[in-house]
Every structure is written in C-alpha cells, then in structure tokens.
Amino acid sequence: DMKVTQMPRYLIKRMGENVLLECGQDMSHETMYWYRQDPGLGLQLIYISYDVDSNSEGDIPKGYRVSRKKREHFSLILDSAKTNQTSVYFCASSPGGAETLYFGSGTRLTVL
Amino acid sequence: GQQVKQSSPSLTVQEGGISILNCDYENDMFDYFAWYKKYPDNSPTLLISVRSNVDKREDGRLTVFLNKSGKHFSLHITASQPEDTAVYLCAAGENQGGSAKLIFGEGTKLTVSS
Chain B
1 DMKVTQMPRY
11 LIKRMGENVL
21 LECGQDMSHE
31 TMYWYRQDPG
41 LGLQLIYISY
51 DVDSNSEGDI
61 PKGYRVSRKK
71 REHFSLILDS
81 AKTNQTSVYF
91 CASSPGGAET
101 LYFGSGTRLT
111 VL
Chain Z
113 GQQVKQSSPS
123 LTVQEGGISI
133 LNCDYENDMF
143 DYFAWYKKYP
153 DNSPTLLISV
163 RSNVDKREDG
173 RLTVFLNKSG
183 KHFSLHITAS
193 QPEDTAVYLC
203 AAGENQGGSA
213 KLIFGEGTKL
223 TVSS
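Chain order of the listed sequences is B and Z.
Under the numbering used here, the first residue of the first sequence carries the number 1, and numbering increases by one thereafter.
Under the numbering used here, the first residue of the second sequence carries the number 113, and numbering increases by one thereafter.
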C-alpha cells in the first residue's frame, strides 16, 4: 500500500522551541519534498531532497533545515520556531522528476 | 514573484455546467504541468498532468489545455458535480533540466451548486 506518513498530525509549540516534523514513505521514492500551505499562497516549496544527503533549497528555506539519512525518511527541523512559521506542512515523495507527487496528510503546526 | 499563478481564488458553477480553471506561469523552461485536487483537511492528490510536447489531454470529464506561447494552461471539468467541490491547485515543473521542483499556484476554490 503506497503511503506517505507524517507525524505528528497536530503540534503546538512556543516561540523559540525546536520543532521536528517527520515524514516517511514506503515506495522507495528518490525524491522527497517539504511544502507549507498558507491561505492565499497555495503550497510553497521549502526543501527538496533528491536522495540520501542530497538536499536543495526550495523557494522559502529560511528558518528551516532538513535531514535525509535514509531514503524512506525526510525530516524538517525548525531551530527556534517563530510565530510566522505557524502553518500546515506537507511532505511529499515522487519516483524521480517532478512527476506524480504523493502527499502525506499534513502537520498543522501552531507556534505561540 | 509568483512563478505559477491562479488569478481566480474562487469559482462557482451550476451542477451540470463546465468548470474552467486557469493557471499562468512565468518560466518558459517548465515542461510538465499538472492539476491537483484538495479537499479541506486532506492532502492534495494528482488529477491530471500533461507534458509540454502536447497541447491537450483528456481523461473522462477532465481536459487540460496547454498554451505554451501564452504560458497558460487550464483545466476544464464537464458535467460538473457537487462532489467536484474542492480546491484545485495547478503546478508546473522543469523535468528535463534534472530538477524535480514542482511549483504550485495559490489554488482556486471550486463550488458546484446543485
């Protein structure tokens, strides 16, 4: 069963705390993505990973970093979270290029 | 600036009518174009996609039209039904350059009224 799994589904943090969002996929896809979705802005690309330890900045990488040590896992890290990082975060994977993206169910992060 | 843009944040169509959703892009290196559908509190799912070597693709009630010279593509949904009510996100990417970046538009909320 092809699946992208995100944990946690909901998360509340205080400003200045560190945040770890986890994503896993069971399809052996090479490429994985982190997007955030905000009203009126659609999905904005934060980071893209082409494989283990092969990560590239997306359009809005500032304030975020990523880690991909295994092909099936891609983590998004917020060091010292800010209130403007309150958003819904989606992880996705694809088999290669910008083909079909399979999305996780999203993590709703609130930074107080 | 926004590389992929959906100028209409919302659209209402009567049941049975044709829904037309539009998307404009800036980068003429984009060679892959897609439409995703998203229900509230759910993740986006791929509806239909097209490569730059064709200007039209049909799949059931869905048709994508690609106008490369105008940097514009659209999604037509015929015989629109209430269950088509959702947010539709257009996306474009540059596959040939080795990049897997897929850039999304802001989304258009389609409401099909019965």
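None of these hints come from the bench; they were simulated from the model.
Since we're looking at a predicted model, the values are computed, not measured.
It is possible that some hints are incorrect.
[Unchecked claim] Just the calculated beta-carbon pair ranges, DEER-fashion: (1) ILE12/B x ASN179/Z: 22 to 32 Å; (2) VAL52/B x HIS188/Z: 18 to 28 Å; (3) GLY129/Z x LEU41/B: 39 to 49 Å; (4) THR100/B x GLN193/Z: 36 to 46 Å; (5) ASP171/Z x GLY40/B: 26 to 36 Å; (6) SER119/Z x VAL88/B: 47 to 57 Å; (7) VAL52/B x SER120/Z: 21 to 31 Å; (8) ASN179/Z x THR100/B: 14 to 24 Å.
[Stated by the list, open to error] Pairs of lysine-lysine residues, derived as DSSO-like cross-links and limited to a Cα-Cα distance of at most 30 Å, are as follows: (9) LYS62/B x LYS149/Z; (10) LYS82/B x LYS221/Z; (11) LYS180/Z x LYS221/Z; (12) LYS149/Z x LYS168/Z; (13) LYS149/Z x LYS180/Z; (14) LYS117/Z x LYS180/Z; (15) LYS62/B x LYS168/Z; (16) LYS3/B x LYS149/Z; (17) LYS62/B x LYS117/Z; (18) LYS221/Z x LYS3/B; (19) LYS82/B x LYS62/B; (20) LYS168/Z x LYS82/B; (21) LYS62/B x LYS3/B; (22) LYS70/B x LYS82/B.
[As the list claims (entries may be wrong)] If you want the footprint, here are the derived chain Z segments under chain B, 3+ residues with CB under 8 Å: (23) 123-136; (24) 172-185.
Glycine is no exception: its CB is placed at the ideal position from the N, C-alpha and C atoms.
>> Run through the hints listed earlier and report the numbers of any the structure violates, in increasing order.
In response: 1, 2, 3, 4, 6, 7, 15, 20, 23 and 24
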